[in-house]
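Peer 1: Each chain is listed here by its residues.
2 protein chains.
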Amino acid sequence: MSETAHADPRRGSLLIIGGSEDREDDMQILERFIALCGGPDKRIAVLTAASRVPERMWAIYDAAFGGMNVTSRKPVHIASRAEANDAAMAAEVAQADGIFITGGDQKRLLALIGGTGLDEALHAALARGACIAGTSAGASAMSAHMLADGKADLHPEKGTVSLGAGIGFVQRVVIDQHFSQRQRLARLLTVVAQNPFLLGVGIDEDTALLIEAGGGIEILGAGAVTVIDGRHMVSNVADIRNRSVPEMVDVRLHLLPSGSRYGAAGDTATPAALSDFLKIVTNIA
Amino acid sequence: MSETAHADPRRGSLLIIGGSEDREDDMQILERFIALCGGPDKRIAVLTAASRVPERMWAIYDAAFGGMNVTSRKPVHIASRAEANDAAMAAEVAQADGIFITGGDQKRLLALIGGTGLDEALHAALARGACIAGTSAGASAMSAHMLADGKADLHPEKGTVSLGAGIGFVQRVVIDQHFSQRQRLARLLTVVAQNPFLLGVGIDEDTALLIEAGGGIEILGAGAVTVIDGRHMVSNVADIRNRSVPEMVDVRLHLLPSGSRYGAAGDTATPAALSDFLKIVTNIA
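In order, the protein sequence lines correspond to chains E and U. Just so we're aligned: the first sequence equals residues 1 to 285 in this note's numbering. Just so we're aligned: the second sequence equals residues 1001 to 1285 in this note's numbering.
Check before you lean on any hint, since a few could be wrong.
Using 20 Å as the maximum straight-line C-alpha spacing, the simulated EDC-like pairs for lysine to aspartate or glutamate come out as follows [stated by the list, open to error]: (1) U:K1279 - E:E83; (2) E:K279 - U:D1250; (3) U:K1107 - U:D1149.
Think of the hints as simulated: they come from the structure by calculation, not from any bench.
Next up, chain E with everything else stripped away, as it sits in the complex (with noise of 0.2 Å):
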């Protein structure tokens, strides 16, 4: 949640996964998360707290990097906000070379962790050269303006949307899941129509947007990342009824297919439209 007490350089990397990653043929995303932790050798941290299930969440990526032979791999379990300040859990997060955020409900996950010695101990690590991985819940978590609700269906819906504080590893963005399978554009123009100063960030299933601590940015595994960016768009939200459609005019959109690489060396050059983006998701907490 911290917006400003990480003031380290930042070393490690994000990895932002839309939900539904393939666990058990390929494993594209989840075998990059591993070798962004350097390797199946290292400490991985799978932190279930965002689901009411979380023996079963852990049962299942147990499995997964179990059969990727990573052999120092253990469950965060926690139930209450007591246990996310434990302050040798938190240590041992603070130490980990990767940690895997679960799905589950983002709400959940904040309200047992926020402001917490994990919530510190997340950005330790991540500060540290940690991977920090998050999927569905967990990835909408990753950003410091949460989604947290959202009805919006066919169209932009004034008031439908609302917004709660994350963890915060990025800024100025506000991150959606499951996006092009749940046809979640609707609710991310909301999001921007309100609050047109965070970039909205759709992230479909199986597909990952990789944030490297080099300042570069992947799209990895078996879909695209939609990026709205309001900020020159003229509306009359301020003005129209809850539950009205807003006038949205120049709205930038960018689709970014899996395979795009962005911002480091040897990459193509990054679009001019998409310049202000890469700062902004670069610049993670």
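Place chain U on chain E using the hints.
Peer 2: Just chain U, lined up with the frame of chain E:
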């Protein structure tokens, strides 16, 4: 189809309807059509040629327009190109005050009427001052470049949409209908990725884009109109394989809800990003 043959100043208006317009309750869009034609005592023709069940189509609009006390209403059933070249029929269409083009299949419609006397008569009627309305297939048929087939589902995919030659009342746009209800953004983005010359116009069900003779536009009905402008886009579409998802950076998106009006005296100022769209669609053939 003629893109250059109609140099007369246009005096009529176009009502481009996204399908499934209300035909039984308040019939807002159909009532507006009749008003644009000059009222219920005017001559209304219903062109059913897009449909394989023309009598059923006529029965629907016969009932709807009858309920509005339109006395001079008649169907134009076209089953062959020979019929579409019938001079007496064409002369009658050219003199109509309003022409309503039903749904069905826009490829069927153009295969029957493209380049015929009826095609010319439609342009002549518009130039003379008639209102031409089209719904669903009848909406898609209105542009010079017509969306013929498209399969893109979750994402834009190179090579999955095809265009044909439409009636050509409007240039430089491609029109899709049932837009939000059938989740057609991906296929409209596919069109724009491969044809950045064209602006994509997606019209929701029971929603219409009215292009007025005086150069204004209005959105009416239940939903919204989505405009996709790819002219500033950076894309790799030229280099990727068929069926691949293109990178698309800096696509401009405009969401125009029902009630929006631009370009006519008394309207709110047209946002600069929308003025090109306005110029393009109001410069109808």
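Peer 1: With reference to the structure, classify each hint as holding or not holding.
Peer 2: Hints, verified against the model:
With a C-alpha separation of about 62 Å, the suggested pair U:K1279 and E:E83 falls outside the 20 Å cut-off, and the hint is violated. Taking the CA atoms of E:K279 and U:D1250, the gap is near 16 Å; set against the 20 Å cutoff, the hint holds. Note on U:K1107 and U:D1149: the hinted pairing holds, with a Cα-Cα distance of about 9 Å set against a maximum of 20 Å.
In summary, the structure is inconsistent with hint 1 from the numbered list given earlier, while agreeing with all the others.
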